[in-house]
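Letter by letter, the chains look like this.
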Amino acid sequence: MSEVMKDFDKPDFSVDKYTKQLVKECVGGADLQQRKKEIQVYSDQTSATLKKSVYANYMQFIETAKEISHLESEMYQLSHILIEQRNILASLTDEKSPGNAQNNEEGEEQPTQEDVENSHATRAVKEMVQGFNGNLEGKTFLNEGALIELDTNDYRPIQRVFFFLFNDVLIVCKVKHDKRLEFLSEYDPKKIAVINIKDLDGVRNAINIITPDGSKIFQSVTAAGKTEWIEKLEVAFRFDQQKKTNKKGPAPQPPKAKQTSQQQKDSTNDAKSLVSDLSPTDSHAGKTVENYGPDWIHTASEEIQTLVAQRYFEDAQALIKRTQDYIAKDSSFVNAKHITEKVKALETQLTDVLLQELSNCHCRNLQVTLRASRRSLKILVDIGRARQACGTLLKVATMALRTAQREARRNNTEISELFFCDLTQVACEFLTAFETQPACVGALVVWCNAELQYFASQLIKHYLTKGTHLDAVAKCIEGIRKPCAKLTEIGLDLSYHLEGLLRSTLESLIEESRVRLLETVGRSEDTWQPYNLQTKSNLKRLLLELDALGIDMRTHTTGDTWINLTQSTVLFTRHYLQLTAQCAHLAKSEVLWPSLELLLRDMMMAQQAVKPVTGLSVDPNFVLKNKLYLLEELLPIAMANFRSISGSERKCEMLLDLQRHLRKQLAPVPKQRSVYQTDVF
Amino acid sequence: MSKKPTVGPALHKVIMVGSGGVGKSALTLQFMYDEFVEDYEPTKADSYRKKVVLDGEEVQIDILDTAGQEDYAAIRDNYFRSGEGFLCVFSITDDESFQATQEFREQILRVKNDESIPFLLVGNKCDLSDKRKVPLNECQTRAQQWQVPYVETSAKTRENVDKVFFDLMREIRSRKTEDSKATSGRAKDRCKKRRLKCTLL
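One line per chain: the protein sequences are V and W, in this order.
As numbered in UniProt numbering, residues 1 to 681 make up the first sequence, in order.
As numbered in UniProt numbering, residues 1 to 201 make up the second sequence, in order.
No wet-lab data here; the hints were simulated from the structure.
There is no bait here: all hints are sound.
One-sided and incomplete, this derived list gives chain W residues near chain V with beta-carbon spacing under 8 angstroms:
#1 M32
#2 E35
#3 K44
#4 A45
#5 D46
#6 S47
#7 Y48
#8 R49
#9 K50
#10 L64
#11 I75
#12 N78
#13 Y79
#14 S82
Here are the simulated DMTMM-like pairs of lysine to aspartate or glutamate, each with C-alpha atoms no more than 25 angstroms apart in a straight line:
#15 V:K198 / W:E84
#16 W:K50 / V:E512
#17 V:K395 / W:D34
#18 V:K466 / W:E35
#19 V:K191 / W:D71
#20 V:K232 / W:D77
Glycine included, every Cβ here is placed at the ideal spot set by N, Cα and C.
Work out the full structure, taking the sequences as your base and the hints as a guide.
Right, here's the structure in full:
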C-alpha cells in the first residue's frame with residue numbers, strides 16, 4: 001500500500017493526473033471505492049503521525065524552556081553569591097588593611113608551612129607517644145585530636161584517646177592519667193570504615209569506626225570536631241586519588257574567581273557610566289526637542305531590560321520611576337503611549353524577576369536567606385509590591401526554619417531556643433522591611449501562629465511522646481516558655497497560643513505520670529525502724545541534699561548516724577520535693593494547675609495509706625510519728641515550694657483540703673490507741 | 001538512667017544497600033522521622049537507631065545507611081560484615097540501578113557466606129509509575145530467583161516504608177531464634193539442609 005501512496009510525496013504530484021490515472025486503472029465502482037478507503041486510511045495515519053510529532057516537538061520545546069529558565073535562575077543565584085562574597089571579601093580587606101602585609105607573607109609561606117606542620121606532627125608523635133616506633137618520614141599530616149572511646153554496648157566512656165592521622169596511617173593512643181600518650185594501635189585508613197552516627201539514644205557527636213579488629217565508637221566534644229574527623233578520614237581514605245586531582249584542582253581556580261569579580265566590577269562601572277552618561281543628555285534634550293521627548297526615554301525600555309538582565313535592579317527601578325515621572329509630567333511626545341505600556345510591562349517583569357529571586361534564595365541557613373532577601377525586598381516595597389513580597393518571604397522563611405529544625409533534631413541539639421531565635425530573626429527582618437505596611441504585619445502574625453502550630457506538633461511528636469518522664473517534660477516546657485516569653489520584647493506574645501496548643505498533650509502526660517508514680521508508692525517493704533545511714537558522712541550528705549530541696553531534717557537526727565524516721569519516709573521526702581519542683585515548673589501555666597495538684601495530692605495520700613505488713617511487730621507511735629511528719633512538715637513545705645516556684649498567688653486548695661482531712665483522721669489516734677492497734681495495724 | 005545494658009531490648013542491625021540516588025536515605029529518614037527529604041546529598045555512611053514495637057515486643061533497630069557511589073565499593077565489605085539483614089534498594093525509574101542489585105547481592109553473599117541471610121529486594125520511587133523503566137515482572141522474577149521477597153515502596157508517599165523495615169526485622173528475629181535453638185555444631189548442618197531443600201525445589 002505504502003508504495004502506491006509514495007506518489008503523494010513526489011514533488012510533481014498533481015491531483016488531476018492522479019485521479020485520471022486512478023479512474024483508468026480501476027475496474028468498476030467497487031474497486032474505486034476500495035482505493036478511496038485506502039487513501040482515507042493513509043490520510044488518517046499521516047495526520048496522526050503529524051499530531052504525534054508536533055506533540056513530541058512541543059514537549060521538547062517545553063522541557064528546553066524549563067531547562068533554560070532553571071539555568072537562568074541558577075546563573076542569577078551564582079552571580080548573587082559571587083557579589084555577596086566579593087562584598088564580604090572587600091569588607092574583610094578593609095578591616096584588615098593594616099594587617100594586609102602580614103597576610104601576604106603568610107600566603108607565600110604556605111607551601112612550606114605544610115612541610116613544617118608535617119615535621120612538627122612527626123616530632124610530636126615521636127616525642128609524646130610511648131611505644132610507637134614506626135617510620136613517619138614523607139607522610140602527610142592530616143589531623144590530630146582527642147576523642148573519647150565509648151563502650152559499644154551501653155555507650156559509656158571507656159577511655160580518652162588521642163588520634164594522629166597521616167595520609168596512610170591512623171595512630172591511636174591512649175591518654176594516660178599523667179596526660180602522656182601510650183600507643184595503642186595503628187590502622188590503614190583505606191581499610192577502615194567510618195560511620196557517622198546520626199541518632200543513637202541521645203549520644204552526641206559520635207562516629208563509629210570499623211577496624212580490622214572490631215567496631216569502635218568514638219565521641220568528639222563538639223559537632224564541628226566530629227565533622228572534621230569524618231572529612232579528614234575521608235581525605236585519608238582517598239588520598240592517593242586526590243593527590244593527583246588536587247595538583248590540578250586548586251591552582252587554576254583563583255584566577256577564575258578573580259576574573260569573574262573583575263568582570264563584574266567592569267560591568268558595574270559600565271552600567272553606572274551608562275546611566276550617568278545618559279543623564280546630561282536628557283536634561284539637554286528635554287528642553288530643546290519637545291515633540292520627540294528626550295532621547296533617553298526612547299531607549300529607556302531597552303535600557304531597563306538590560307539592567308534587569310544584568311541584575312542591576314536598583315538602577316532598573318530608578319529608571320522606571322524616572323520614565324514614569326517624566327511621562328506623568330509630559331506625555332505629548334511621539335510614541336508616549338507605546339512607551340508607557342512598555343514600561344508598565346517591564347515593571348511587572350521586574351516584579352516577577354524579583355519575586356522569583358526571593359523565592360530562590362532559600363538556603364539551609366536562615367540568616368543567609370534573610371540577608372540575601374534584603375535587596376529584593378527593598379525594591380519590591382519601593383515599587384509597591386509589598387504584599388506579594390511579604391507572602392514570598394514568609395514562604396521562604398518557613399522552609400529555612402523547618403530545615404533548621406530538622407537538622408537540629410537530628411543532631412540532638414536544643415530546638416526550642418533555636419526556633420524562637422529564628423522566629424525573632426524573621427520578625428525583626430520583616431518589621432524592618434515592611435515597617436510602613438501595616439497590612440503586612442498582620443500577615444506576619446498569622447504566619448507566626450502557623451509556624452508555632454507546626455512547631456508544637458513536632459514537639460509533641462518527637463519530645464512529648466507517651467511515657468516521657470515528668471522531669472524531662474518539665475525541662476522541655478521550661479526550655480520553651482523562657483524564649484517564648486522573650487518574644488514579647490519585640491511585641492509578639494505567643495505564650496497563650498502555645499499553652500493552648502500543648503495543653504491537652506501535657507494534661508494526658510501528667511495523668512499518665514500520676515498513674516505510674518502512684519504504682520511505685522509503697523512498693524518496697526518497710527521494716528518501720530529508724531533509718532540508719534551507717535556513717536557520719538552519709539548522714540551529712542543526705543542532710544545537705546534535703547536542705548537544698550528546702551527541708552531541714554536536723555531535728556530528726558539522733559545519735560551520729562540515725563534519722564528518727566523510716567527509710568521509706570525519708571526517701572519519699574526527697575522524691576516528693578523533687579516532684580513538687582517539677583510540677584511547679586509546669587504549673588506556671590494556670591490551666592495545668594488542677595491536674596498537677598491532683599498528682600501531688602494523690603502521691604501524699606498514697607504514702608499516708610502505706611501500712612505495715614500484717615504480722616510485723618511495729619511501734620504504733622513510731623508509725624504515727626512518720627505520718628504526722630508527712631502531714632505537718634513535708635506537706636506545708638511542699639505547698640510553699642509549689643507556690644513560690646510556680647510564682648502564683650493561688651492557694652493549693654486540694655492540698656489544704658487533704659491536710660484538713662488527714663488531721664481529722666490522725667488526731668484522735670492517741671485516745672483510741674487500742675482500736676487502731678487491732679484494726680489498722 | 002538505664003545502666004544495665006545487657007537487659008535492653010533486642011537489637012536488629014539493618015543495612016541499606018543500592019546504587020547512588022535510589023532513595024536509601026530517603027527511605028531511612030522517612031522511617032525514622034516521618035519526613036520526606038527532597039534535597040539530595042550523597043551519603044557516606046550514617047547510622048541511626050530507634051526503638052520500635054515489633055509484634056508487641058519492644059526492639060531496637062539499627063539502620064546503617066551506606067554510600068551507593070562506586071568509589072566506596074572497596075570498603076563495603078567492612079560495613080556489610082556487621083549487618084544482620086539487608087534492604088537492597090533500586091529505583092524503578094532507573095534500569096541501571098536494578099542491574100546493580102545483582103552485584104550487591106553477590107557481594108553480600110560473599111561477605112556473609114550465607115545463602116539465606118535476611119534480605120529484601122526493594123523497588124523504590126513507585127509513586128513515579130509513569131516514568132517506570134523496570135517492568136514489574138522482571139523485578140519479581142529476580143526476587144524469585146534469589147528466593148527473597150520483593151516490595152515496591154515510595155519514600156515520598158510513605159507507601160510500604162514501615163512494611164519493608166518490619167518485614168526484614170521479622171526475618172532477622174526468626175533467624176536469631178532458629179540460630180539460638182540450633183547449637184553451634186548443628187548450625188552447619190542447617191545450612192546444608194537448606195541448600196539441599198533448595199536444589200530439590
